[in-house]
Amino acid sequence: MMSLNELKEMIEKELGALAFKVDSEAPNLIIINVEAPNLFEVAFKLNHMGFDHVKVVTGTDYPIEKKIELVYHVSSYTNIDLAKVIIALKIRLDKSNPKVKSLVKIWPSAEYLERETYDLVGIIFEDHPKLERLLLPSDWDQIPPLWKDFKIKTEGIDA
Amino acid sequence: MSEDKFMQVLIGPQHPGSGHMRFIVKMDGDIISEFEPDIGYVHRAVEKIAESKRYIQIVPLVERPILADTANINLGYILALERLLGIDAPPRAQYLRTLLAEINRIHSHLYGLGIHGIMIGSSTIFMWCFADREIWIELAQELTGARITYSYMIPGGVRRDLPNGFNEKLSKAIAYMEERLKDYEKIFINNPVVTARLIDVGIIKKDDAIKLGIVGPNLRASGVAYDVRKIEPYCAYPEIDFDIIVRKEGDAYSRVLVRFEEIKQSMKIVKQVVEKIPSGPIINESYLKLIPPKLREKAEQTGIWKMPAIFINLKPRKGEAISRVEAGRGEVTHYIVSDGSPNPYRFRVVTPSFRNLIAFKYTMPGHRLADIPAIYGSLDYFPPSADR
Amino acid sequence: MVFSITRSLKSFGKFLRRILIRIIEKRPIRDIRDWGISYSLWPAHFTTACCGAEFAAASAPRFDAERFGFLPFTSARQCNVVFIEGTLSRKMAKAARMVFEQMPEPKFVIAMGACPIDGGIFWNSYNIVLAHNILPVDVYIPGCPPRPEAVARSIMMLQDKIKKMGGAKYDELK
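Chains as they are written, first to last, in our numbering: chain A, 1 to 159; chain B, 1 to 388; chain C, 1 to 174.
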C-alpha cells in the first residue's frame with residue numbers, strides 16, 4: 001500500500017523538472033502542472049509508470065486570462081496501488097492558438113475524449129487520427145460552445 | 001485491391017438495431033472492414049447548461065442523459081459536490097444511497113439484457129426482463145416517489161427515509177427474482193441459438209480493453225478486476241461483502257454473463273444493506289439544524305423531509321473535485337471546477353457509454369454485418385448518456 | 001388515336017377515384033375506415049432521446065401498448081405514427097423529418113416528454129429543436145419523462161381524434 005504523499009514524491013522524482021508544480025488533494029487526486037511543450041514527454045513517463053488509461057479530458061475556458069486549461073485525468077487498471085489515485089495532468093494554452101500534440105499515441109483511450117474536446121472547446125490536437133466534429137452537427141459554424149463568450153439564455157428577469 | 005470493392009452501409013438513426021446513433025460501416029463482402037460510429041444525435045449540452053444552473057438544479061439535469069441508471073450517475077455528482085462542500089452524509093443515508101444504487105443497477109442490467117435479447121431476435125427475454133424490471137422500479141418508486149428519475153441523493157444525505165413495510169417487499173422481490181434468474185438461464189443463457197450467436201463474437205482482449213480504457217462489465221468480462229466499489233469504496237460498500245465478477249474470454253457472451261451474475265451480486269448487497277442499516281438521521285446535522293424544530297418533528301414522524309432553503313444557494317469552496325462511481329454500465333466520472341459562486345464554473349461528466357464508444361470502432365472490424373446487433377447489445381451502450 | 005384512348009381511360013380513372021373517395025367519405029364506410037386506422041397505429045422504431053426508456057416500458061408486458069393495436073415496427077414505409085421520444089437535437093430533427101416524409105398517408109405524430117413541447121429542462125440548450133417547428137404534432141404528452149400510463153393515454157387520445165376528425169387525408173388525390 002502506498003499513501004498519497006509517497007506517490008506524489010515518487011512522481012516528483014520521476015518527472016523532475018518537467019513538471020513545475022505537483023499538488024495532492026485528499027482523498028485521491030494528484031495534480032501535475034506542466035508546460036505545454038513538455039506534455040507529451042510527461043505523459044510518456046506516466047504511461048511508463050503504469051498509468052494506462054485516460055478517464056477524462058476537459059477543456060476549460062478562462063476568458064480574462066485569455067487561456068484555455070486542458071486537463072487529462074489518468075489512472076491505472078493494472079496496478080492496484082496506482083488505481084486508487086487519479087492524476088490530473090494540466091496545461092494552459094493560449095486561447096488565440098490552442099494547439100497541442102495529441103496523446104492518442106500514448107493513450108489510445110483518449111481518442112474520442114480529445115475529439116470531443118476539439119468539438120466543444122476548440123482545442124486542436126496535432127497528430128490526432130481523426131479530428132472531426134463528433135457531437136455537434138457537421139455544419140456548425142459558430143464559436144466552440146463551451147467558451148464563456150458563447151452565451152446561452154439564462155433564467156431571471158434579464159433573460 | 002481497389003476502393004470499389006468496398007461498400008458503404010449507413011445504419012440508423014431510424015433503425016431498430018442502432019438506437020439513437022448512426023453507424024458508417026465499410027463492408028468487404030459480408031465482412032466489416034471499417035466501422036465508424038456517428039454520435040451526437042442526442043447531444044443536448046448538459047455541460048453548458050449546467051454552468052447556468054445552481055448546484056442543486058444540476059441534480060435532475062445529470063439524470064436525464066442516463067435515464068436507465070439515474071441513481072448511480074446522481075450519486076457520482078453528489079459525491080463530487082460533497083467533496084467541494086466538505087460535507088458528509090450520515091451512516092444511514094450512506095446505506096440508503098447504496099440500496100437505491102443497487103436496485104438501480106439491477107433494473108439497469110435487466111434493461112440491457114432485454115434490449116440485447118430483442119436485438120438478437122429473442123423477444124421472450126425482452127418481455128421477461130422488462131416485466132421483471134417493473135418490480136425493481138416499483139420498489140425504487142416506493143423509496144423515492146419516482147419511477148426512474150429519482151433525484152434521491154442530495155448534498156449531505158438523501159431525501160426520504162425507508163417506507164414502512166419496505167423490507168418485506170424487498171425480500172419478496174429477491175426471492176422472486178432468484179427463481180426467475182433460473183428461468184432466464186434456461187431460456188436465454190443456455191439457449192443454443194444465443195450461445196451460437198454470442199460465443200467468440202466481438203472479442204476484446206485484456207490488453208486492448210486496458211489500452212482502449214473500456215469500463216464496467218465490458219472491462220471485467222475481458223479479465224480486468226476493476227470495480228470502483230472495491231478500488232475506491234464509497235457509501236456503504238466498505239462494510240459490505242460482495243465479489244467482483246471477472247471473466248477471461250472477453251467475448252459478447254461473457255459480457256452477458258458478467259451482467260447476469262452482477263444481478264445476483266446486487267441482490268446480495270441489497271440483502272445485506274437492509275440487514276445492517278443503522279438508525280439515525282438521513283441528512284447531515286449541519287443542514288438539519290436549519291429546519292425549524294416543529295417541522296423537524298413532523299418530518300421525523302412521516303419520514304418525508306422538506307429541504308432547507310440553503311440548498312438553493314449552495315456555495316462550495318473555490319477549487320475542483322473529481323469523483324468516480326461504478327454505475328450499471330461502468331465508471332462515471334464527474335469533474336467540477338468551482339469559482340466560489342453558486343453556479344459551477346465548469347462541469348464535466350464522462351459517462352460509461354462515452355468511454356465504451358471506442359470499443360465499437362476497434363471491435364467490429366472483422367465480423368459479419370449480422371454480428372453488429374449481437375456486439376452492440378453486449379456492450380450495453382446507451383446513446384443519450386454518451387452524447388449528454 | 002392511342003393517346004386519346006389512354007387519355008379518356010385516365011380521366012375515367014380519375015372520375016372513378018373521385019366517386020370512390022366520395023363513397024368512402026360518406027358516413028358508415030368512413031366510420032369503419034377510421035375505426036380500422038385507429039386500431040392499427042404502428043410507430044416507427046425511432047428513438048430520439050431518453051424518453052425511449054419509458055417508451056420501451058410502455059411496449060413491455062406490464063403496460064402493453066400492443067393491446068391498443070400499437071406495435072413498434074422497423075421500416076418507416078410501413079408505419080403511420082412518428083413517436084418523438086424526447087428531445088430533438090439538430091442532427092436528429094433532420095432525421096425525424098426524413099422519417100416522417102417517408103411514411104405513407106395517413107400519418108400522425110405524437111410528441112412525448114417536456115422537451116418537444118418547450119425544451120423542458122434543456123430549454124436553454126443550443127442544440128435542440130422544438131417539435132412543432134418541424135412536424136405537425138397531433139398529441140403532446142407532458143412529463144419528464146412521462147409515465148408509461150401517459151403513453152397509453154396518448155394513444156387513446158389519438159384514437160379518439162382519428163375517430164372524431166377522420167384519419168385519412170386525400171388531398172393529393174382530389
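By construction, these hints were calculated from the structure, which means they are not laboratory data. Be a bit skeptical, because a hint or two may be false.
[Unchecked claim] As a list, the in silico DSBU-like pairs of lysine-lysine whose alpha-carbon atoms are at most 30 Å apart:
id: 1; chain 1: B; residue 1: Lys-315; chain 2: A; residue 2: Lys-95
id: 2; chain 1: A; residue 1: Lys-67; chain 2: A; residue 2: Lys-99
id: 3; chain 1: A; residue 1: Lys-45; chain 2: B; residue 2: Lys-230
### Message
Tell me the hint numbers this structure goes against, listed in increasing order.
### Response
none
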